[in-house]
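2 protein chains.
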Amino acid sequence: MMECVSVCVVVLMMSAARGHSLRFNDLTDYVNKHQEEYVQALRDWVSIESDSSDVTKRAELQRMMGVVEEKLREMKGNVDVMDVGTQTLEDGSIIPLPKVVTAAFGEDENKHTVCVYGHVDVQPARREDGWATDPYNLTEINGNLYGRGASDNKAPVLAWIHAVEAYKALDMELPVNVKFLIEGMEETGSNGLDVLVAAQRDAFFSDVDYIVISDCGWQSARPALTYGTRGNAYFYAQVEGPKQDLHSGVDGGAVIEPMTDLIAILDTLISASGEILIPGVTDAVANFTEEERKIYEEVDFDMETYRRTIGVERLMYDNKVDLLAHLWRFPTVSIHGIEGAFSGHGTKTVIPAKVTAKFSIRQVPNMEPAVVEKQVTDHLHAVFEQRKSPNKLKVKMVIGAKPWLADIKHALYEAGKRAVKRVFGVEPELIREGGTIPIARTFQDVTEKDIIMLPIGGFDDGLHSQNEKISRYNYIEGTKLFIAYLHEVSHIKKD
Amino acid sequence: MMECVSVCVVVLMMSAARGHSLRFNDLTDYVNKHQEEYVQALRDWVSIESDSSDVTKRAELQRMMGVVEEKLREMKGNVDVMDVGTQTLEDGSIIPLPKVVTAAFGEDENKHTVCVYGHVDVQPARREDGWATDPYNLTEINGNLYGRGASDNKAPVLAWIHAVEAYKALDMELPVNVKFLIEGMEETGSNGLDVLVAAQRDAFFSDVDYIVISDCGWQSARPALTYGTRGNAYFYAQVEGPKQDLHSGVDGGAVIEPMTDLIAILDTLISASGEILIPGVTDAVANFTEEERKIYEEVDFDMETYRRTIGVERLMYDNKVDLLAHLWRFPTVSIHGIEGAFSGHGTKTVIPAKVTAKFSIRQVPNMEPAVVEKQVTDHLHAVFEQRKSPNKLKVKMVIGAKPWLADIKHALYEAGKRAVKRVFGVEPELIREGGTIPIARTFQDVTEKDIIMLPIGGFDDGLHSQNEKISRYNYIEGTKLFIAYLHEVSHIKKD
Numbered sequence: 166m167m168e169c170v171s172v173c174v175v176v177l178m179m180s181a182a183r184g185h186s187l188r189f190n191d192l193t194d195y196v197n198k199h200q201e202e203y204v205q206a207l208r209d210w211v212s213i214e215s216d217s218s219d220v221t222k223r224a225e226l227q228r229m230m231g232v233v234e235e236k237l238r239e240m241k242g243n244v245d246v247m248d249v250g251t252q253t254l255e256d257g258s259i260i261p262l263p264k265v266v267t268a269a270f271g272e273d274e275n276k277h278t279v280c281v282y283g284h285v286d287v288q289p290a291r292r293e294d295g296w297a298t299d300p301y302n303l304t305e306i307n308g309n310l311y312g313r314g315a316s317d318n319k320a321p322v323l324a325w326i327h328a329v330e331a332y333k334a335l336d337m338e339l340p341v342n343v344k345f346l347i348e349g350m351e352e353t354g355s356n357g358l359d360v361l362v363a364a365q366r367d368a369f370f371s372d373v374d375y376i377v378i379s380d381c382g383w384q385s386a387r388p389a390l391t392y393g394t395r396g397n398a399y400f401y402a403q404v405e406g407p408k409q410d411l412h413s414g415v416d417g418g419a420v421i422e423p424m425t426d427l428i429a430i431l432d433t434l435i436s437a438s439g440e441i442l443i444p445g446v447t448d449a450v451a452n453f454t455e456e457e458r459k460i461y462e463e464v465d466f467d468m469e470t471y472r473r474t475i476g477v478e479r480l481m482y483d484n485k486v487d488l489l490a491h492l493w494r495f496p497t498v499s500i501h502g503i504e505g506a507f508s509g510h511g512t513k514t515v516i517p518a519k520v521t522a523k524f525s526i527r528q529v530p531n532m533e534p535a536v537v538e539k540q541v542t543d544h545l546h547a548v549f550e551q552r553k554s555p556n557k558l559k560v561k562m563v564i565g566a567k568p569w570l571a572d573i574k575h576a577l578y579e580a581g582k583r584a585v586k587r588v589f590g591v592e593p594e595l596i597r598e599g600g601t602i603p604i605a606r607t608f609q610d611v612t613e614k615d616i617i618m619l620p621i622g623g624f625d626d627g628l629h630s631q632n633e634k635i636s637r638y639n640y641i642e643g644t645k646l647f648i649a650y651l652h653e654v655s656h657i658k659k660d
Numbered sequence: 166m167m168e169c170v171s172v173c174v175v176v177l178m179m180s181a182a183r184g185h186s187l188r189f190n191d192l193t194d195y196v197n198k199h200q201e202e203y204v205q206a207l208r209d210w211v212s213i214e215s216d217s218s219d220v221t222k223r224a225e226l227q228r229m230m231g232v233v234e235e236k237l238r239e240m241k242g243n244v245d246v247m248d249v250g251t252q253t254l255e256d257g258s259i260i261p262l263p264k265v266v267t268a269a270f271g272e273d274e275n276k277h278t279v280c281v282y283g284h285v286d287v288q289p290a291r292r293e294d295g296w297a298t299d300p301y302n303l304t305e306i307n308g309n310l311y312g313r314g315a316s317d318n319k320a321p322v323l324a325w326i327h328a329v330e331a332y333k334a335l336d337m338e339l340p341v342n343v344k345f346l347i348e349g350m351e352e353t354g355s356n357g358l359d360v361l362v363a364a365q366r367d368a369f370f371s372d373v374d375y376i377v378i379s380d381c382g383w384q385s386a387r388p389a390l391t392y393g394t395r396g397n398a399y400f401y402a403q404v405e406g407p408k409q410d411l412h413s414g415v416d417g418g419a420v421i422e423p424m425t426d427l428i429a430i431l432d433t434l435i436s437a438s439g440e441i442l443i444p445g446v447t448d449a450v451a452n453f454t455e456e457e458r459k460i461y462e463e464v465d466f467d468m469e470t471y472r473r474t475i476g477v478e479r480l481m482y483d484n485k486v487d488l489l490a491h492l493w494r495f496p497t498v499s500i501h502g503i504e505g506a507f508s509g510h511g512t513k514t515v516i517p518a519k520v521t522a523k524f525s526i527r528q529v530p531n532m533e534p535a536v537v538e539k540q541v542t543d544h545l546h547a548v549f550e551q552r553k554s555p556n557k558l559k560v561k562m563v564i565g566a567k568p569w570l571a572d573i574k575h576a577l578y579e580a581g582k583r584a585v586k587r588v589f590g591v592e593p594e595l596i597r598e599g600g601t602i603p604i605a606r607t608f609q610d611v612t613e614k615d616i617i618m619l620p621i622g623g624f625d626d627g628l629h630s631q632n633e634k635i636s637r638y639n640y641i642e643g644t645k646l647f648i649a650y651l652h653e654v655s656h657i658k659k660d
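Sequence order for the protein chains is S and B. Going letter by letter, the first sequence gives residues 166 to 660 in the numbering used here. Going letter by letter, the second sequence gives residues 166 to 660 in the numbering used here.
In short, the hints are calculated from the structure, not lab data. Mixed in with the good hints, there may be bad ones.
Said to hold, decoys possible - Selected chain S positions facing chain B (Cβ under 8 Å, derived; list incomplete):
| # | residue |
| --- | --- |
| 1 | Leu411 |
| 2 | His491 |
| 3 | Ile500 |
| 4 | Phe507 |
| 5 | Met562 |
Every residue, glycine too, gets a C-beta built ideally from N, C-alpha and C.
With these hints in hand, go ahead and build the complete structure from the sequences.
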């Protein structure tokens, strides 16, 4: 009882002192009081293994989409579930894609309409990959909430939902109309969403003014606004030889082994110093201007902290600007692994019959996925040809996502700066993102709406890696940021 | 009834015609009548996932050893379970090795004593590797018994057990004393067995005259006697960089990736035409003599059948002698796979932090594992050094098994020829084996006993590969071969 009374007193005092901020304080107070529920909601969502890259997990992903739909319906949103067609699997079979869930809260023509985009599918994760905790059982350790998808992108989607819910719970009018567009295929390239966005251009998107994406993270401990992302061209290079795996004792020496071929062609992608060796691939990269260099110089980025955070002995570049440029606006090649070879513990003496390398090229303006696909395919076939191997090489680009770049002088970014200042008391950093949010570019090209990326994830959240997490602080303060942002956007002058 | 009568007539007729063979016919008749039990016994054994390379499966392996022990005790053998010490795991922890099971049947000093060596551990197998059936559920399709370990080496061990059992069931005296030595670590290099063999040289092995190993297969549809095997030097090459996996978008471009380093050093092991590129490794290989070439020319080996069986478009060599020589008496390098990289379905955009390549070199006379270890380690470190990578390379030889070669003019081989002729009606082929039976060389060096390899596995059994099998024919006729062989060995003149 005592505690309750003193809290009330504090609220009244703050209310008196800040005038307009009374309602904001009510909202943040509401968020603080409900944070355990928010953490539990995230735990429920993380417990669903909504791995979109593995078709055997598709039922879980469908279940995840159902949970989102139900939640938005409970909040009395105008919910619609939109079909995005089918997916053709490698074996030729065709399955339906998970439907996209949309919802609308408010349709006041005098208000701006903000569309929040998010996704609830996740990257693969297995405990034995090196997770300290079960990746599908959200576990709090020292203020961090560990679980696959915690930061990418389940907590941000929930934070947006909770932001709207807070306004409604306090019976406060939403300062803008809010729409949600939540998908389940982001991690594999937002399959089907391009077509849906085009089809909904003059329907769902017709009254949307701005699109907000919170599918990225800060660069440092300082909050950030993101104005660009790299794209991604993800390749499968498959070498197939014997009709089944052979024994290296019984058959070794008689066979031209697919693994030897595959290793040899992979070794022609990138040099030890990070130079891409595929002819022509870097030709289309935009010039690095002096103006750009200056923006990078102002970014609060400590190389030593970054180096220690990721735990490497030396970074690829020894100065901040080159490093940021190669993270944000130059392409790179990563070899992710090989499917079909022996990958377990122990000493299997197998000659794998069919091995598929997975590698990807992060794309930047003005690279075109279709051009990159041809350059990579031609290059690998040319190198393979020289080996005169009897094995078969197949090269396929399975993701071709374009980069995205925003205008940092737009009012959306000004609103973002004010919201960050209100919640965190600091100016946000202006950053780019090395990763890919494929749909950003599609939104820009097709809907021609203005887009902002407003991240709440921490710089060390370990997206796509073992021990992914979001801190309780970022999750809860992030919810407040979204509440504030809706308010700030309402102050942007209507055209 | 009619059928029974006619069978009895045939037996009597054959008995009259062949004299001594009466008892052999009783034995083969017994085998025929009990073949369903034999298949069921194999099914029971295959159902135990006794994968010795995966320590998480150690309980299953222990259970397998217990089943063997129990079976030999039921048969009233003089059973002993021998400790072979401990195994140090990669994380530094120490666990006991599975004990070796031995048994003795008969101790008549006037008879020869034959020691049968076998193993009941298996290579890894997962349904998703491409097995048409559950690898641990023995499944009969068109006369073939599919299951992991069916041919390597569970059916041969059972066939030896059933051979002894048949003599005992018919109350017939064993023509020789028979000892069994069954281990559970063969697939990872027979850990601990070297020490045991040395320790038992003047105990268990003191009354042993001959050692028989049936851990290999025929070369064609014709039964074979095997007189040589290759050894194996199995390596782990581990490149370690960041302290945990990173995201190719978030961090790609800033990091010297361990996978890129690993691919580059793996690409320096073997050329497209099969030449080993590691300096010095082939220096110790024995000269290929004209006499040897002639033996190879006489082997009934159809390259086209072999090519089609393994399902490749072209073999490494275009003539029989070169091909057999490179399968049997020249070394080769196989890259088996990479642990720690992304190996699943889908499109994970990970930068793996620590990746371990598994590759092996099949060794031949007169290569020395310790020398090869130094040559490979020095070479990989030299190549890695040139890359000036900040990542860490560790190279380790985890198996170093020597090759083995027997004298084909020995009486053991003459006995083998007679036994094959009796059961199959043909002369056996004299062949070598590209794979490794590490213990053969140890038996030879330490016990100085004469050794024969007497295979019953088919040429297309798919050892270590998906869909391993043994045919019902080879399993059952192989049991008869072992029965006949015990008889033939009893005719070898005592010194």
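- [ ] For the hint on Ile500 (chain S), just tell me whether its beta-carbon gets within less than 8 Å of chain B.
- [x] holds (4 Å)
Task: Minimum beta-carbon distance criterion (8 Å), Phe507 (chain S) to chain B - done: This interface hint holds because 3 Å falls under the 8 Å limit.
TODO: Let me know if the C-beta of His491 (chain S) comes in closer than 8 Å to any C-beta of chain B, holds or violated.
DONE: holds (4 Å)
Open item on the list: Is the interface hint satisfied for Leu411 (chain S)? The criterion is a beta-carbon contact with chain B at less than 8 Å.
Closed with: Holds. Min distance 6 Å.
Open item on the list: Quick check on the hint: Met562 (chain S) CB to chain B CB, less than 8 Å?
Closed with: Constraint on Met562 (chain S) not satisfied, violated at 11 Å.
Hint violations for this structure: number 5 only, all remaining hints satisfied.
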